[in-house]
Amino acid sequence: MDAKTIIESLTREFPEAVSKPEIESEIRIWAYVDWAKTKEVCQFLKDSLQFDHLSNLSGVDYPKRNEMEVVYHIASYAHPVVLMLKAVLSRADPKVESVVPVYWNANWYERETYELYGIVFENHPDLRALLLPEEMLGEWPLRKDYEGFPNKTARNLV
Amino acid sequence: MEEFVGSDEMILHLGPQHPMQPGPFRLNLKLKGETVVDADLEIGFIHKGIEKILENRTYLQGITIVDRICYLVALSNEECFVGCVEKLAGIEVPERSQYIRVIMGELTRIQSHLLGMGEFGEFIGFVSMFMYTIKEREEILSLIDMVTGARITHAYLRFGGVREDLPEGFKEKALPVLNSLKKTIDDYEEMFHTDSIYRERTVGVGTLTADSAKALGVSGPALRATGVDFDIRKAEPYLVYNDLDFKVCTETAGDIFARIQVRLNEIRESIYILEQCLDQIPSGPLFPENTPYGRRTPVMRVPAGEVFHRVEDPRGEMGMYMISDGSDKPYRVKVRGPFFPTLQALPPLIIGTTVADVAAISGSMDGCTSEADR
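Going down the list, the sequences are from chains A and B. Heads up: the first sequence at position 105 corresponds to 105 in the working numbering, and the numbers run straight through without jumps. Heads up: the second sequence at position 147 corresponds to 1147 in the working numbering, and the numbers run straight through without jumps.
Hints are computed from structural coordinates only; laboratory data are not their basis.
Simulated restraints, written as ranges between beta carbons of each label pair:
id	chain 1	residue 1	chain 2	residue 2	range
1	A	Arg128	B	Val1203	36 to 44 Å
2	B	Glu1164	A	Gln43	49 to 57 Å
3	A	Glu8	B	Gly1049	35 to 43 Å
4	B	Ile1011	A	Met1	41 to 49 Å
5	A	Asp126	B	Asn1179	50 to 58 Å
6	B	Ser1327	A	Glu16	31 to 39 Å
7	A	Arg128	B	Lys1234	35 to 43 Å
8	A	Glu135	B	Ser1327	27 to 35 Å
Below, simulated DSSO-like cross-link-like pairs (lysine-lysine); rule was C-alpha separation at most 27 Å, straight line:
id	chain 1	residue 1	chain 2	residue 2
9	B	Lys1329	A	Lys86
10	A	Lys152	B	Lys1052
11	A	Lys4	B	Lys1214
Source: prediction; values computed, not measured. For each residue, glycine too, the CB sits at the ideal point set by N, CA and C.
The whole structure should be built from the sequences, with the hints applied where relevant.
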């Protein structure tokens, strides 16, 4: 399966939820995805396009655009293409549909992204802090405007 | 885990500090007699905030920081970080440097597997195993030390090359070490195959099937032990791995015994790769010509862009997702370590086994909690 076929069948299946597809190289493709549809899109990718391996899930903060992104890197054991899906969220109320029902190992990635960015994963089975102590929940340390905890002295570093 | 504990049940906390763990994590086990009926994992005891630190350091300083993700595989981490920057900036690495990087990567793989096996032996009560492997590992570390000047945290790779050339007489020093290691690996294999107690502790214990390993996101030797020939060096070749002859080591059983067997075979395969590299390594410059990058990179600005680069770490698939905004510091670096998903898969693996097998199963994954926590 090559990059072009994947993009074509993905945009045919989800003409509205998937936008701005781009082929970077033979093994790297990008697309933007609607935040409410991530689960359906991932389910389709897993069932029909052999994307059976969630390689990475991360959050990115863009305070200048007043947006946040959740980035999924979805790979496959059968073909070498890695698909990068991006969901753009509003910074005021960042939320996205959880993909744990599709990819089991998304569980910890989503918990980690939640505690570091404050991005809420809806319908996640067990959304709580993973790496940080409980009293740090609400500080969102990987956001760009994080000021340090408990001393607010990290301002000059960023 | 559920709060309610029945009359014949008990909760056992394994960790955060426990001699049978590769690093600090807490495993809460709910036991019924000797059987584990529920398990829950807590991590984060050595969270270092490496991703945040990397955002506040220049690219060159970042090399030193990624060493500390897991000191056992520092050169793999560097390879991944440096590879990201090279892809973003479009730097071509000269062939000699690529060969040197492969040599260092494979030496790292050998020493990591050796320590992993030794620790595993300790976890199942075979304490002499640690003494055997640590001796061989020290020989490998001396070779790495000859080149980089450090045993575990090297800061050796540079954008577009490596910091130092191989020293005079490296090949003559390396070949006897590799030859004696070959014999030792045969000895280990014979020991594992004939020791009845070892076989009883490992054969058929902690079994993963290919489908369950894929579903749980496990990678590296634990995945290859189930028969899936997934190796980033073949799936997405980097450096000169395309020109080298090696095979992906797989087993079919998927149990602890198979995982250790995969590691033994991978050490053999790494030795074979090293011999090819030492024979084939061309002479030439370490850095590409006419670039500002070199041994002492000045403050460098990396063109804006995004990249996801993967390398084969001794424990599996290591990836980094790097975003550059055109400044001298990365905008975002997400480290996708191989042990994070593997550790996550531990509770489903140990539910239904006995307490005695818990340490054996978690040890056979060859973990590094430092990398899971970052």
